[in-house]
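Work out the full structure: start from the sequences and follow the hints.
Sequence order for the protein chains is A and B. Per my numbering, the first sequence starts with residue -15, numbered consecutively. Per my numbering, the second sequence starts with residue -15, numbered consecutively.
Keep in mind the hints are simulated off the structure, nothing from the lab. Just so you know, not all the hints are guaranteed correct.
Since the list gives no way to pick out one identical chain from another, each pair is judged satisfied if it fits inside one copy or across any two copies.
[As the list claims (entries may be wrong)] Straight-line C-alpha distance at most 30 Å; calculated DSS-like pairs for lysine-lysine:
#	residue 1	residue 2
1	K326	K113
2	K(-12)	K398
3	K(-12)	K116
4	K326	K302
5	K320	K38
6	K40	K195
7	K477	K86
8	K86	K455
9	K331	K38
10	K316	K38
11	K455	K195
12	K452	K195
13	K113	K38
Protein chains: 2
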Amino acid sequence: MSLKKTRAENYPDWYQCVVNEADMAENSSSPGCMVIKPWGYGLWERIRDIFDEKIKSTGHENCYFPMFIPLSFFRKEAEHVDGFAKEMAVVTHSRLSMQDGKLVPDSKLEEPLIVRPTSETIIADAFSKWIKSYRDLPVLINQWANVVRWEMRPRLFLRTREFLWQEGHTAHASAAEAEVETKQMLEAYRELCEDSLAMPVIMGRKPEYDKFPGAVDTYCIEAMMQDGKSLQAGTSHFLGQNFAKSAGISFVNRQNQPEFAYTTSWGVSTRLIGGLIMTHADDEGMVVPPKIAPYQIVIVPVVKNPADEDAVMTYIEKIRQDLSAQQAFGEKIRLKIDRRDKSSVDKFWEWTRKGAPIILEIGKRDADGANVMVKERIRLGTPEGKQIVSRVEFCTTAAQRLQTIQQAMFERAKARLLGNIRTDIATPEQFKAYFAESNQWIEDGKPAKVAFVRGKWSGDQNSDELLKEMKITIRCLPFDQSGTQGTCLLTGKPATLDVIYARSY
Amino acid sequence: MSLKKTRAENYPDWYQCVVNEADMAENSSSPGCMVIKPWGYGLWERIRDIFDEKIKSTGHENCYFPMFIPLSFFRKEAEHVDGFAKEMAVVTHSRLSMQDGKLVPDSKLEEPLIVRPTSETIIADAFSKWIKSYRDLPVLINQWANVVRWEMRPRLFLRTREFLWQEGHTAHASAAEAEVETKQMLEAYRELCEDSLAMPVIMGRKPEYDKFPGAVDTYCIEAMMQDGKSLQAGTSHFLGQNFAKSAGISFVNRQNQPEFAYTTSWGVSTRLIGGLIMTHADDEGMVVPPKIAPYQIVIVPVVKNPADEDAVMTYIEKIRQDLSAQQAFGEKIRLKIDRRDKSSVDKFWEWTRKGAPIILEIGKRDADGANVMVKERIRLGTPEGKQIVSRVEFCTTAAQRLQTIQQAMFERAKARLLGNIRTDIATPEQFKAYFAESNQWIEDGKPAKVAFVRGKWSGDQNSDELLKEMKITIRCLPFDQSGTQGTCLLTGKPATLDVIYARSY
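What follows is the structure, given as structure tokens:
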């Protein structure tokens, strides 16, 4: 009973089907914006809570800064405004009034306000007031917020005009300390993606021409989607003294000299949910890693004869009590008992589409035999995906089972990533031929038609044209550079840099 | 060592001093908007977490809706747009470009977008797609979000152009069910304010003329500030079928007939932090109720001789370990050990200004004697505010101590509220004379110069003029109506309605 569109039939339509059928989000009547529905928002809440703990345990504190940024703030950092000017929501009026029977904008603002596409400028302004001496440093803050970038081809979770994210902003007394911070938070993103989202990533540095506007260095994590394309899942920027100079964040250093501070910024967004879908979902719908599942176990009562209802529900209550004593991943197991007035088959498919990790179907026979029918989402349709297990055994090992699922999901995705990075492409001709193919989805255990190529790059910052022609991008310069010499796959020139070439979102 | 301004000297300046000195928030360079700093945001996080649990335990789910609302949505509900048109941020362009060397708004939108002042219209639009049958009802959702109202006289936490809040929105199959929901959530707000913020409130209904624009009934909780003014701390609206009609939320009912749904909405905001300040802060700064304190206990090491440092820190570590085994209010005690490179006196005052409930000052003598020096914020400056207690006794009773403080704070505020509602004012003349006085702060245990009057009102919806003249408002019609007849304090006419008259924020 697969989705209307499978990955093989039409990958983009399949993605949309997964989001719809799991009821995670929908397009809104507000153009280009999405409504994040409870199941999608529940995933974000889990991601937020896990990462918020990391943010705090690494010494950062949460704040909240205004979402309106005076236009003049963008004039200060030329590269920054160049990078964002084309996709900014601009507030120009502060009321509506009736004119000729029509509601129209009124009370024009003296200075237009930009709805934040990111907050470097407004936060740097605050930092310039907070920081006077090296004693005030480091400043380590973060905010959870909505941001706006005027996307022309919106797509749920991947590219919407408004999205939710966290943005960390820090200021330091030395470049070295700021660089350590930048990499520490990139590592925190890797850990979030791999350990909680079961989504393996490649860590690296962006090429010069693809840095964050205003940054000295941009680091990123890149994940492989099931169609062989790359998704930038998080970025961490070393901003050097650029924003400090434009906003005047200067401090008196230990040598009693004035110096500009060194700043960083780093962010991940609701885009991660798009990555999660394209890493784990299958032709039956969403598959959610247990660690971030709003419900890890869903119980569907199966009552064929109304006279059995009490016995079934009493038995389910016993299971609930047994499970409430168990912890998975250091927290209470998140359990849902689905008592809605719907058929148990419909409920099963609904939770399957949503990707609940474990569904228990409990009927009179299970109650009588002290058993449970366990269905694991990742093994749907296989003989092992459906097991009758004694209640006691299931309840005492449920946490272990969830951990095993989490691990299996990561390993499957990791194998897909590692198995689809071509390193044997040696010449520009082979390279062109490889990417002349179009992407398709990667069947588990089989090689992709087109995925990632790891090869040499000359470092020529004018590679943009060639890349555009081939519809590919340089995703990153991975941290594990070999240092050997070879041939640039774009130009054929001698080259030493290792890069990841790929199609991308 | 009181603040620059005390309550008696200048109450509004005192408020600003408390916010500054506790480092809770500051005015931003973005006009009329605030930066919420870690201590202020920490309070909001605690309020959010506590109320989020309540929202979920009462069957609601979190979503996220776009912050941009098409202008045309506001045309649909005439009262609603009338209520908000004068204070709306309007987005009219989607990029910036360089013209004659100046950055200017470019790419005019076909339809202007309003930055949500509240989300009834956009959420009703979504509901109209979600709801087809009585089986789809009730829909119970909530979002945590930022909203914008173009305030002309902004004040930190109380009135800023952008603020943070939660807004619940529900749809039901009957008016009765929606009314139960409206009152249930008002009761949840009372519980939040009284049990967690230690801020007593009066529950009631707003007069017709002061309802939420588009509502059938608006219910509210009102709190008394230390200057005798009232602060509307939360509202819950029964919207009847008004928004359902304008957005087309119709469903097929059990009788198989089409019917418009009955909706509600309810919200509390970062304004609660303003209420918290004006309920509890004193002339020495902020005082935070333990239940929502980011840190409930702060340890300040007092090292006079550097040779003692190891011994003091080892002893403090022992206290930390003892406390980590304790729970207060069902959660781990939130403890901060302040090791910054500052004098212990400065640290003590900093945490006093922030209002940390308990400060422990720990020096060599305490370590040697196995004691702790306990300073309770609410008893600052009194002999009992400073106690030497054995470590074991302090650690094993810390949770109890925090609960006692919480209770004492509530009782003090409750006594202030109950002691300052005048019920003996019988005539319009007495009434006018009472409010001819200006407000001042209410010294504990003493009656206010001007605070609340509980008295009769004719119910005349054209009372606005008279109220404005006297610079007072009708805060609410309290739920406990006496039903007796008396004299309207505004007009002298016979009247049966009991209302609370007061100055307000």
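Here is how each hint holds up against the structure:
Taking the shortest Cα distances, K326 and K113 sit within 30 Å of each other only across copies (20 Å), while inside one copy they are farther apart (59 Å). For the identical chains of this complex, K(-12) and K398 are intra-copy neighbours only, at 28 Å inside a copy versus 61 Å across copies, given an alpha-carbon limit of 30 Å. With identical chains, the CA atoms of K(-12) and K116 are at most 30 Å apart between copies only, with a shortest distance of 23 Å across copies and 60 Å within one. Taking identical chains as interchangeable, the C-alpha atoms of K326 and K302 lie at most 30 Å apart only when both belong to the same chain, with a minimum of 22 Å there against 56 Å between chains.
Taking CA atoms no more than 30 Å apart as the test, K320 paired with K38 passes in both settings, with 27 Å inside one copy and 17 Å between copies. For the homomeric pair K40 and K195, the shortest alpha-carbon distance inside one copy (27 Å) is at most 30 Å, but the shortest distance between copies (41 Å) is not. Proximity of K477 to K86 under the C-alpha cut-off of 30 Å is found in neither arrangement, the shortest distances being 63 Å within a copy and 42 Å between copies. Taking identical chains as interchangeable, the C-alpha atoms of K86 and K455 are never at most 30 Å apart, the minima being 46 Å within one chain and 34 Å between chains.
For the identical chains of this complex, K331 and K38 are inter-copy neighbours only, at 27 Å across copies versus 36 Å inside a copy, given an alpha-carbon limit of 30 Å. Taking identical chains as interchangeable, the C-alpha atoms of K316 and K38 lie at most 30 Å apart whether they share a chain (19 Å) or sit on different chains (18 Å). Only within a single protomer do K455 and K195 lie at most 30 Å apart by alpha-carbon distance; the minimum there is 19 Å, versus 57 Å between protomers. Taking the shortest alpha-carbon separations for K452 and K195, only the intra-copy value of 17 Å comes in at or below 30 Å, while the best inter-copy value is 57 Å.
Taking the shortest Cα distances, K113 and K38 sit within 30 Å of each other inside one copy (27 Å), while across copies they are farther apart (38 Å).
Consistency note: the structure conflicts with the earlier hints numbered 7, 8.
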